[in-house]
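Novice: Residue numbers (our numbering), protein chains in the order written: chain A, 1 to 157; chain B, 1 to 670; chain C, 1 to 267.
What the hints contain is simulated information worked out from the structure, not anything from laboratory work. Where is the CB? At the ideal position from N, CA and C, for every residue including glycine. Treat the hints with caution; some may be incorrect.
FRET-style restraints, in silico, Cβ to Cβ [to be verified]: (1) A:ASP125 with C:LEU248: 48 to 54 Å; (2) B:PRO577 with C:GLY251: 31 to 37 Å; (3) A:ASP125 with C:GLY251: 38 to 44 Å.
The chain contents come next:
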Amino acid sequence: MAETFEPKIVAFVCNWCTYAGADLAGTSRTKYATNVRIIRFPCTGRIDFMLLIKAFQNGADGIIVSGCHPNDCHYTSGNFHARRRWMVFKSLLDFMGFPTDRITFSWVSAAEGKKWAELVNETTDSVRALGPFTEYKNLDFTQFNQIDHEGIAEKSR
Amino acid sequence: MARIGVFICHCGENISATVDVEKVARLAGKLSGVAYSVDYKYMCSDPGQTLIVDAIKEHKLTGIVVGACSPRMHEGTFRKAAEKAGINPYFCEMANIREHCSWVHPKSDETTRKALDIVRTMVEKVKNDTALFPIKVPVTKTALVIGGGIAGIQAALDIANAGHQVIMVEKTPSIGGHMSQLSETFPTLDCSQCILTPRMVEVAQHPNITLHTFAEVENVSGFIGNFDVNIRLKAKSVDFSKCTGCGSCWQKCPAKKIPDEFNAGMSFRTAIYTPFPQAVPNKPVIDRANCTWFTKGGKCGICAKICPTGAIDYTVQDEIINVKVGAIVTATGFDIKHSDFFPEYGYGKHPDIIDGLQFERLASASGPTGGEIRRPSDGKVPETVVFLACAGSRDKAKGIEYCSKICCMYTAKHAMLYKHKNHHGKAHVFYMDIRSAGKSYDEFVRRAIEEDDVNYIRGRVSRIYEKNGKLMVVGVDTLLNAKPVTIEADMVVLATAVIANEDAESVAQKLHISYDKHKFFAEAHPKLKPVETNTAGITLAGACQSAKDIPETVAQASAAAAKTIILFSGSEMTREPVVATVNRSAAPVFTTCTGCFLCQEVCPYQAIEREEIRDRAGNLLMNAAKVNAGLCQGCGTCVAMCRNKSIDLQGFSNQQMLSEVMGLLNAPFE
Amino acid sequence: MKELQKKAAELLENGTINLLIGFCQDVSKRPVPCFIETAAETNTLVFNRDCKNNLSVYLHKKEVKDAVKIGLVANVATLRSVLQLLSENQLGSLTLTYLTVNSAGELVVLGSAEELEAYVQANFPTCRPEDQEMLDKLNVLSREERWAFWKDQLSECVKCYACRAVCPMCYCTVCTTECNQPQWIKTSAETSGNFEYHTMRAMHLAGRCINCGECGRICPAGIPVHLLTAQMNQEIEKEFGGKTGFSLKGGYALNSFKPEDKENFIK
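So that you can see chain A by itself, here it is in the shape it has in the complex (with noise of 0.2 Å):
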């Protein structure tokens, strides 16, 4: 009997929003998919770009970020620093074609345990269609001596 895949994910949320709204969820009893876990920050200006590449590494299949709405960050501005650091990252990630459909963005506030719930259902329910991430984790059983596109390395020496 084939087990249906099942993604891990990871969530990175900010403690004074997402995770307060992940709470609420708890208290009105909403139900979503149990293949979320939430690892608590103070502020999603302290998540560093590192620990999403950590957690793919070590098996996340999907990735959750969240914090509170611009304008409303505890701290003043720490997500507005952390917006700046997603565009740039993302688009680098883009750029090496990392597969940035399995990580989601989001802000979601304390009083938003319903929203939390349906991004944790619509990320489950997309990064279980993309399947497990066994790209990154076969990264190092890489050939040598591939071609090379175009030669656009000998060509940029």
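Put chains B and C on the given structure of chain A with help from the hints.
Specialist: Same frame as chain A, but now just chains B and C:
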């Protein structure tokens, strides 16, 4: 070598109903570094905490993980227990297996596995915890009260009477708020101004209260115990030190056609004005947007000529003052919906269709009709008045799904006042439900129905239109088998929704407090922290948090004052030590910080300073960043910004966060 | 050339500079960096299109810092690096004089930071055409093709860190790669660790790199790492405005923000 204790709570059945807590405790006991693991029914109870304290001592535990509710609930409780047992409280972490697991998932192996994952993540974090010690910070024992309505007044008086300084800021020219506009208040029908004005005078005369009217908060920085606030004192154009309040100026002012805000737009006022006769302070200000001198380049100037003390000054500008306060009480109040929310009701189309505040002004002895209920259109006394309750609230389709709380009561009151003044008049109330849950409230409504002969019809109104000089109110009586009812009215009063002030969002953003989608300010916890916000040091009082009546507002204001007084009760405040630090080591390295100061530029609290590192001869070796622990609030933006990881956040350090991620994803067993 | 040598000698003799960093020809006629302390040695100086090294990387060395008064023979890319470093508070203890050759072939001497800024802004280069061509080619590939390309390339990386060594912006005394508590970057040369390293490096340089291209040029495995930062800089300029190595005031995109910043992917 870490010896971690894991304590899994059943939380009665809240967790154990969907999570196999015994299995989680058993498997957690096998994790590397865990020396003791147990489950128990109620960890937060006295016996539960004793269990933890005893276990720490008996098994010589170096840190604990409590798998239970959200840390936002009980982190403090368990940290105190850890401290009692003799270990640093910051070696205690909570694994949220209730709000984030047992309550949101069905009973299954998957749910149990998730609970174990969460516990394992926190075990990894605790293994990397360091001992942290509270930071002591001095507290400025002055409170700022924003808003001069009954909420602000009550809070200010309580704090001032406790012996502390209070600065009150009110944006209109007088304190009093909406309560000063009311005629009589439910359930006693006392005169609103009579009970309010003594309090207003007390505020003005209190030695501990500094009152700034016609002023607004410009910006707020700092943090609990040490807020730095800039207040804009808008230019009054009248020198209050010279003005005697004689009133000659507004009696002679030629700009007489400005809609009077205090009378809800039903009469006019002058450009130089006091809002109402009992205003505090009872000195006028000039409304520059409507004053001839300001709008027509210096023409007029009558008030300046007439003033016996020469108190008028057209040249004065807004002034910004800076104050240092330790706590802020937000009492900015509410508004009611004025727009034609229900086009079918014709509000705004016909002058005799009015809202609740407008009716208050008609009923008020100091109002535009001297207390007589008269139609705004022709001044005649209406023979039939129809009151519509729920004209805008409890309607998801219109975007206001909440109940405005006060309308059932004030509608009954309005109907009663109308009947008291017009014994032969007819009063009808269309209602959905009657919400009169307070003390003596239901008796009040019964009095309206039984003694004052107000006709209550259970049903909604679909349309109001004019015909032959009458307002046809078309509704339904659901208690008579949905019989259609049309009443020919002379006046209609709509109980429109209580909404947040137009500038509520900008006030919240200035204070860095949260608000909901209706722009009501968010309390820290809906049941257990109804007056605090998530921003430490800022409390809420009154209708800015949610619609409420006067007794509740006064109670909440006193509660906010109590929270403030608690803060001021010690000589200094103990702060959570979750702060950033920049590494330092011995010469010749001193620090790995390269002095790029990106951290300093992103810190919202200006908590990062430049330190000059010098050798023994005094030569400057390098500039490095240094954190002022008293100012740092622990957001960690600097940590994520630092390229070479020279700055780290205690309590959420790089080592801890990475080990959480690794611990979560690398399960030793399935 | 002669003019450059004469000027360098003059500056050393009259004490304006204690140390000149420039290019000399080595035995194989290839220009290599050299450090000249006396006027007599200045007759070995050369400056031509083959002088590609970004000499500003030496400004972090202790021996150079001790000399305090430094002369730097530089092309525009190097001058931009210095401007960027100045805006990051890194060269505070040094007094720098710059010797460069403009597009008309004339020697230009810049004696102060303000003169440097003015010259750089007047002669600001565009993206190198060879880089732009490669970026355009990469950007039209599908995501899977780009992933395959970078996976191939990064699998060849041996973690020699030459790219880091040659970059003037990599001045951290202890790099994150040297951090072992926690160990952010795997030290061994496996593709996943290489991916970590290059992602981290590109992020740390995004908005700071001045696109001299040295990192890609000297990579012994032939990986075009400079394309990563070139792409980032173009994105940042497009999204947030501002150019790297353009002014003394800096304006690093990642530590500032505008409340109106717009993106289309945050839910």
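Novice: Within 48 to 54 Å: is that where the Cβ-Cβ distance between A:ASP125 and C:LEU248 falls?
Specialist: Hint holds: Cβ distance 51 Å, inside 48 to 54 Å.
Novice: Verify the CB-CB distance for B:PRO577 and C:GLY251 against the hinted window 31 to 37 Å.
Specialist: Once the Cβ atoms are compared, 35 Å apart, the range 31 to 37 Å for C:GLY251 and B:PRO577 holds.
Novice: Range first: 38 to 44 Å. Now tell me if the beta carbons of A:ASP125 and C:GLY251 are that far apart.
Specialist: 41 Å, holds
In terms of the numbered hints stated before, the structure departs from none.
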